[in-house]
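Produce the complete structure using the sequences and hints provided.
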Amino acid sequence: MQAKIKRCILGCAFGASLVVTGCQTVQTTHGGVVGIDRPQKMSVFTPSTAEVAATARQQYLQVTRVADKKSALNSDSTQTERVRRIAQRLIPHTAGFRDDAVRWQWQINVLTVDEINAWCMPGGQIAVYTGLIE
Numbered sequence: 079m080q081a082k083i084k085r086c087i088l089g090c091a092f093g094a095s096l097v098v099t100g101c102q103t104v105q106t107t108h109g110g111v112v113g114i115d116r117p118q119k120m121s122v123f124t125p126s127t128a129e130v131a132a133t134a135r136q137q138y139l140q141v142t143r144v145a146d147k148k149s150a151l152n153s154d155s156t157q158t159e160r161v162r163r164i165a166q167r168l169i170p171h172t173a174g175f176r177d178d179a180v181r182w183q184w185q186i187n188v189l190t191v192d193e194i195n196a197w198c199m200p201g202g203q204i205a206v207y208t209g210l211i212e
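In terms of the working numbering, the sequence shown opens at residue 79 and continues consecutively.
Worth flagging that the hints you see were computed from the coordinates, not collected in a lab. Hints should not be assumed to be uniformly reliable.
Stated by the list, open to error - What follows is a list of derived Cβ distance ranges for each label pair: (1) T190 with S126: 15 to 23 Å; (2) V180 with S149: 26 to 34 Å; (3) A173 with E212: 26 to 34 Å; (4) P200 with Q166: 36 to 44 Å.
As the list claims (entries may be wrong) - In silico EDC-like cross-links for lysine to aspartate or glutamate, where the CA-CA straight-line distance does not exceed 20 Å: (5) K147 with D192; (6) K148 with D192; (7) K147 with E193.
Glycine is no exception: its CB is placed at the ideal position from the N, C-alpha and C atoms.
Have a look at this one:
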């Protein structure tokens, strides 16, 4: 029984060491630009920026297609245009977080969902739920 406990402890220690050594600290904002420094622990084993952006585009397309089939994509043109105008005013400020973000091909859509939510994917795909607006 003690041998099992020792193996379990060794296994946990080995797993923890992999997690610690598999991360590095990265700076996610430019110091002072937004008033904070934001170093974060990130996995060393991350996909490339291009892979992440491609996956995000694919997922966003899937979400918007499903919403469109349910007639829940940009169903109120006034609301959609308002959200897009607001986003266009915010996008120039993304350079404080990522130099390349201002050059992304931003896509902004409103989904008819009662939930209070909004999100942005890597590459600039934004969804705002009507629950947040209302």
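Here is how each hint holds up against the structure:
Checking the proposed 15 to 23 Å range against T190 and S126 shows it is violated: the Cβ atoms sit about 34 Å from each other. For V180 paired with S149, a C-beta distance near 33 Å keeps the hint of 26 to 34 Å intact. At about 31 Å, the CB distance of A173 to E212 agrees with the hint of 26 to 34 Å. For P200 and Q166, the hinted distance range of 36 to 44 Å is not satisfied, since their beta carbons lie about 19 Å from each other.
For the hint linking K147 to D192, the alpha-carbon distance of about 17 Å falls within 20 Å, and the restraint holds. For the hint pairing K148 with D192, the CA-to-CA distance comes to about 14 Å; that is within 20 Å, so the pair holds. With a C-alpha separation of about 19 Å, the suggested pair K147 and E193 falls inside the 20 Å cut-off, and the hint holds.
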